[in-house]
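> Chain by chain, the residues run as shown.
Protein chains: 2
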Amino acid sequence: MSSVPESIATAARALRRDRLTDLFARDPERVTHLSLAWEDWRIDCTKERWTADALALLVAHAEACNLEHWIAALFAGEKVNLSEGRPALHTALRQRDVAPLFVNGRDVMPAIRETRSRIRTLAGELRAGRRGGATGTPIQAIVHLGIGGSDLGPRLVCDALPGPPSGIDVAFVSNVDPADLQRALAGRNPATTLFIVASKTFTTQETLANAAAARRWIAAALPPGRDAGGHFIGVTANVAAATAFGIAESDVLPLWDWVGGRYSLWSAVGLPIAIRHGYDAFAALLDGAAAMDAHFRTAPFAHNVPVVLGLLGWWNACALGHTQRIVVPYAHGLARLAAWLQQLTLESNGKRVTRDGARVFGPTAPALWGGTGTDSQHAFFQWLHQGTHDVPVEFVVPVRAQYPPAEQQTLLVANALAQAQALLVGRGGDALRQELAALGLQGTPLNAAFAARECPGNRASTTLLLPTLDAANLGALLALYEHRTFVESVLLGINAFDQFGVELGKSLAQPIAAALGDGRTLPDATDPSTRALVKHVHSLMRKRS
Amino acid sequence: MSSVPESIATAARALRRDRLTDLFARDPERVTHLSLAWEDWRIDCTKERWTADALALLVAHAEACNLEHWIAALFAGEKVNLSEGRPALHTALRQRDVAPLFVNGRDVMPAIRETRSRIRTLAGELRAGRRGGATGTPIQAIVHLGIGGSDLGPRLVCDALPGPPSGIDVAFVSNVDPADLQRALAGRNPATTLFIVASKTFTTQETLANAAAARRWIAAALPPGRDAGGHFIGVTANVAAATAFGIAESDVLPLWDWVGGRYSLWSAVGLPIAIRHGYDAFAALLDGAAAMDAHFRTAPFAHNVPVVLGLLGWWNACALGHTQRIVVPYAHGLARLAAWLQQLTLESNGKRVTRDGARVFGPTAPALWGGTGTDSQHAFFQWLHQGTHDVPVEFVVPVRAQYPPAEQQTLLVANALAQAQALLVGRGGDALRQELAALGLQGTPLNAAFAARECPGNRASTTLLLPTLDAANLGALLALYEHRTFVESVLLGINAFDQFGVELGKSLAQPIAAALGDGRTLPDATDPSTRALVKHVHSLMRKRS
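Chains W and H, in that order, give the protein sequences. Taking this note's numbering, the leading residue of the first sequence gets 1, the next gets one more, and so forth. Taking this note's numbering, the leading residue of the second sequence gets 1, the next gets one more, and so forth.
Hints are computed from structural coordinates only; laboratory data are not their basis. Bear in mind that the values here come from a model prediction, so they are computed numbers and not experimental data. Treat the hints with caution; some may be incorrect.
To be verified - Non-contacting residues of chain W with respect to chain H, defined by C-beta distances greater than 12 angstroms in every case (computed):
#  : residue
1  : Ala25
2  : Ala52
3  : Ala73
4  : Asp107
5  : Arg113
6  : Ser117
7  : Thr121
8  : Gly124
9  : Gly129
10 : Arg130
11 : Pro190
12 : Gly229
13 : Asn238
14 : Val239
15 : Asp287
16 : Phe301
Claimed, not checked - Computed footprint of chain W on chain H; a stretch qualifies when at least three of its residues, placed anywhere within it, have a C-beta under 8 angstroms from a C-beta of chain W:
#  : segment
17 : 7–15
18 : 423–429
19 : 462–471
Virtual Cβ for every residue (Gly too), placed ideally from N, Cα, C.
Put together the whole structure using the sequences plus the hints.
As structure tokens, then:
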């Protein structure tokens, strides 16, 4: 299931030799055939190294991979996370209709609705200054403690949305590096600061270390006898651990084992969004995602945005052999989009075995990285235009501005379109020679200047135009990426919802931390490199004292 | 010069088949042979896919590429940037001795020293509250306007260093997206805000658009007749343009054409560092870099940190064929290191022609991306441990903490060493089977659990241990990366100091911006995709009104 059918491999081989610009000449309807529309969005896949015929082959392959079945299974709450025997029900978190949804014989929708209502109440109280700390002064700042999926999603959304400051300042701390928390606390007032501790298991090493340090910081500032617990809210599936930490049960919002961390921003993990931007914005985010869910569930494959982008992603990686993809949002608010997508795609599909445990034949998820436009034009775009590695780029372009002046927004959007065009057409030939000759160059200097300036072009990109970066469009965008990642997993034949690869490093860190902490020795079988590094760390630590 | 010699290609072919753990068994002195020391640093290259013999071949190749000559030429101010006929004298910016350095017959050192002195004075005045705005109130906040090289370096250093708040708040704005500036201005007081406009040419589209918007913001808040110019400092080689903008000539700090943007943080572009952290910290940064310069200039190749890391980088990319490298600093303050390195390496060596204009045979700079540890462990490390793409990782680990508590720093460092170990050794075999059997699994469930958890290991990494993240060590680290990038350019035979690939997109953006602004049509020859995108942007823009 995960290998590339011969018809697709043949099509890819032939297309590898073509110039992309020739593909436009060959199919006068190419723009119609390879552009998608959804609501006011336009998704231009015409500059990619494929054709309408290739897309038809891919749609047929998706059918052969039972994609329709898998989409239905995802939404129905079937146990698509086979290795852990669980459904993956992030779509239920944004489901707005009244239909029940059963997991192990129980309707999960009432608990989801009740949690939404608790988010609304809590965010409303905080925004209205109606929740006080241990001394009674209203809370004015939130520090959200979480890492990975409990951090990247809500942080991305809080950053991305514009809007009037809510009065409540929201900061995020994730890293176990003490610098992260200590810098976030500098200048803050313990009496008016509330911490959210988001950890599905309530055992995440980084989050719990930061939560303990935060509790010490609060406790040290309180009058004797006052309880620090009221400065903490928990978001977790492990209520017992949260209450043992000192959080009142009424301040623990639930998570469920059928919400994966990297799909959790729609749950109570998204509480900081509702606090920072208001519950209405959070609800609009859910609604935007639900609209994309409905599209994904019902649109024919050839017009289904997550399906077509998933097919394209799989084609680029598996048929054309690209080992990387680059995402460049032309929106400063999406500065963290690449980081969120890295977790989503690389943790979901960075695997090597199929659902059945067989070795995948061929590559799985390619690397994903990126940066914002226009900043990236002054950083790595030189490499895209003149380097030797050919990596497809995805431009994400909200058209209407969040802020004035309009001329800057026009420049921003123009730059996005111009970069996609430049990657396609390149620079060279007689046009460049004439340009240089007009500057008075000739002979060897002209040849040298030509070589230094020539850009090969012929580089693939997709451009995603969305109307603007508001909560509804952002919700749809993130849901689109979730579903595309799922489509790719189905074509690869793998389970997108587990992440057993992260266990090994955690277990190896324990004996090393013990050795660094108290000089305990590492097991004899430890490799000589790690032993030598531990020795050097010891010597550097001793120098401090 | 840029192709791989047969002896090196043969060595790489043989090593590709080996397991890295076997290389330790084969050379009992491997840790000694492939670890480097500099001051208190330890650079462990023992987990890379190479051997002491391969390193010897690479050192010989570096000699054959005249590396010694090129290093001398760089420091001597020779025109190593051949296509633009200029030297690349970032090392002069941190030179502390009194020796003159001649460019086109003129000693550049007096101007460098004078600029340092002006940075010291200006930063001192601002930090002491002795510089007032147009209304006389002391300046309390700096907004630095610059993009690419005028942004990434000073921003990285300002973020990285700890220390008491200076009283002056320093923010950075780079993107032409109006959201970037407008968010930075929200809540700020024009009367006490000073802007630095950093642009070598003083024509950079993004920076000048933001500077104009900033001037309007200041002017709108001033009493009639007061001049906004005093709220701006210029850092530029184009003094005339800066004074025409309204900046007093005494407030324009110089740049020179022999400082490349991506090598400019050591110049007046680094002014925000001196304002935020004090001139002494800026001086310590320069001194740290100068110490690395001296090492690079004089140490024998086999013990020369930038040379050996450059050889390793070239070996991984050109001999072993890796198309990517990943950098993971285990220090929250280095969250922007990967972005700075992207510009440094991809803009410097993302080229396709040699110094002489011939097509490079083989790949040039591989992609570079990354994120901080431990955050990245919860994002893309799944992909490193169980994905199908094999990408070398570089761990950058400052050992001693900037902040308490010490236990968190110990966890941080332990995680870095554990991840490098996990990538090397993997997880599987009888040990994993027994672990699963001990949980009561057998038969098919055991096999499925085994497949889901197996990590192949055998993945290369380098670990760079430095004593702590202070100004001197940070300066040395950044200089190390600059020199490594230069070493790689010499082995590739390319000019690391131009960036003509960025011109095309800029020129294509002009007609598109005009078309978006006033409905002008694009040239007939424009590709159908770009035309269709412009049309859709128009329709979305009209919907606003």
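> A separate judgement is required for each hint: does it hold in the structure or not?
Each hint tested on the structure:
1. Ala25: violated, 10 angstroms
2. Ala52: holds, 14 angstroms
3. Ala73: Consistent with the label, W/Ala73 stays out of reach of chain H, its closest Cβ about 19 angstroms off (over 12 angstroms).
4. Asp107: Non-interface label on W/Asp107 holds, nearest chain H Cβ at 29 angstroms vs cutoff 12 angstroms.
5. Arg113: holds, 29 angstroms
6. Ser117: The claim stands: W/Ser117 keeps its Cβ more than 12 angstroms from every Cβ of chain H (closest is about 30 angstroms).
7. Thr121: Holds, since 28 angstroms exceeds 12 angstroms.
8. Gly124: The claim stands: W/Gly124 keeps its Cβ more than 12 angstroms from every Cβ of chain H (closest is about 23 angstroms).
9. Gly129: holds, 18 angstroms
10. Arg130: For W/Arg130, whose nearest Cβ neighbour in chain H is about 23 angstroms away, the distance exceeds 12 angstroms, so it holds.
11. Pro190: Fine: 17 angstroms to the nearest Cβ keeps W/Pro190 off the interface.
12. Gly229: holds, 21 angstroms
13. Asn238: Label holds. Min Cβ-Cβ 18 angstroms, cutoff 12 angstroms.
14. Val239: It holds; W/Val239 is separated from chain H by about 22 angstroms at its closest Cβ, greater than 12 angstroms.
15. Asp287: Given a closest Cβ separation of 19 angstroms, the condition holds.
16. Phe301: holds, 22 angstroms
17. 7–15: violated (count 0)
18. 423–429: Holds, because 4 residues of the segment 423–429 of chain H bring their Cβ atoms closer than 8 angstroms to Cβ atoms of chain W.
19. 462–471: holds (count 3)
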